[in-house]
Amino acid sequence: RKEVEQDPGPFNVPEGATVAFNCTYSNSASQSFFWYRQDCRKEPKLLMSVYSSGNEDGRFTAQLNRASQYISLLIRDSKLSDSATYLCVVSYSSASKIIFGSGTRLSIRP
Amino acid sequence: GAGVSQSPSNKVTEKGKDVELRCDPISGHTALYWYRQSLGQGLEFLIYFQGNSAPDKSGLPSDRFSAERTGGSVSTLTIQRTQQEDSAVYLCASSFGGRTGELFFGEGSRLTVL
Chain A
1 RKEVEQDPGP
11 FNVPEGATVA
21 FNCTYSNSAS
31 QSFFWYRQDC
41 RKEPKLLMSV
51 YSSGNEDGRF
61 TAQLNRASQY
71 ISLLIRDSKL
81 SDSATYLCVV
91 SYSSASKIIF
101 GSGTRLSIRP
Chain B
1001 GAGVSQSPSN
1011 KVTEKGKDVE
1021 LRCDPISGHT
1031 ALYWYRQSLG
1041 QGLEFLIYFQ
1051 GNSAPDKSGL
1061 PSDRFSAERT
1071 GGSVSTLTIQ
1081 RTQQEDSAVY
1091 LCASSFGGRT
1101 GELFFGEGSR
1111 LTVL
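Listed in order, the protein sequences are those of chains A and B.
Under the numbering used here, read the first sequence as residues 1 to 110, first letter to last.
Under the numbering used here, read the second sequence as residues 1001 to 1114, first letter to last.
Some hints here could point you the wrong way.
Partial list, derived from the structure: chain A residues whose beta carbon lies under 10 Å from chain B [what the hints assert, rightly or not]: (1) Ser-32; (2) Glu-56; (3) Ile-98.
Each computed BS3-like pair below joins lysine-lysine, with the alpha-carbon atoms no more than 25 Å apart [claimed, not checked]: (4) Lys-2(A) with Lys-42(A); (5) Lys-1011(B) with Lys-42(A); (6) Lys-45(A) with Lys-1011(B); (7) Lys-2(A) with Lys-1015(B); (8) Lys-1015(B) with Lys-1057(B); (9) Lys-97(A) with Lys-1011(B); (10) Lys-1015(B) with Lys-45(A).
What the hints contain is simulated information worked out from the structure, not anything from laboratory work.
A quick note: this is a predicted structure, and the numbers were derived from the prediction, not measured.
Glycine included, each C-beta is placed from N, C-alpha and C at the ideal position.
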């Protein structure tokens, strides 16, 4: 079983829709959580950190459920420019242990 | 530039040849990571450097892979006797030590082994 698992998608939704995807992690020692965005043939870039109490950044909301060991990302009022692959990232107290999920592909259609 | 710089951006080589990939991290970043991403796949951790500590080499797939970081800055990933399965994009990332998970990536080196 992979340490970090994501639904690969693709999720194909119309512009303006709300879309959500989850990520599960297997190691309860995980301490920090992040969502990265990767555009086609580009490098990953940090989208947002995920805090225990949940957090918002504009149209994006991230939540963490430690008991069930999953994190989620919600995108409201989706834009064409949101089309990308979203990578779930988990890290541990040892900075070397930063694990990336395989990513969820999102495609927004006009 | 202010970002992570990698070279070459593209490298085509023949099976059995050695290749060197270079990464120049963001100035002041003490942590440096190498990842590999095959087509349509996620990022596979290869190696991590933090300051003057011994590197974490646990992700290197075979002894044909090695990496070094000179002077706590520039890093070189070397692949000896390349195989076709080594074809991938090799991504380097750096971070300010202690802020785990907030990585800044270079644009990657796309390696094709014929």
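Against the structure, the hints:
1. Interface restraint check: Ser-32(A) against chain B, minimum CB-CB distance 5 Å, threshold 10 Å, status holds.
2. Checking Glu-56(A) against chain B by beta carbon gives a least distance of about 18 Å; that is not within 10 Å, so the hint is violated.
3. Taking 10 Å as the C-beta cut-off, the interface hint given for Ile-98(A) holds, the closest approach to chain B being about 6 Å.
4. A threshold of 25 Å between alpha carbons decides the hint, and for Lys-2(A) with Lys-42(A) the separation of about 24 Å falls inside it, so the pair holds.
5. For the hint linking Lys-1011(B) to Lys-42(A), the alpha-carbon distance of about 17 Å falls within 25 Å, and the restraint holds.
6. Only pairs whose Cα atoms come within 25 Å are accepted, and Lys-45(A) paired with Lys-1011(B) is accepted, the gap being roughly 23 Å.
7. A C-alpha spacing of about 30 Å is found between Lys-2(A) and Lys-1015(B), which places the hinted pair above 25 Å, so the restraint is violated.
8. A C-alpha spacing of about 24 Å is found between Lys-1015(B) and Lys-1057(B), which places the hinted pair at or below 25 Å, so the restraint holds.
9. For the hint pairing Lys-97(A) with Lys-1011(B), the CA-to-CA distance comes to about 28 Å; that exceeds 25 Å, so the pair is violated.
10. For the suggested pair Lys-1015(B) and Lys-45(A), the alpha carbons sit about 32 Å apart, so the restraint of at most 25 Å is broken.
Of the hints listed earlier, those the structure fails to meet are numbers 2, 7, 9 and 10, in rising order.
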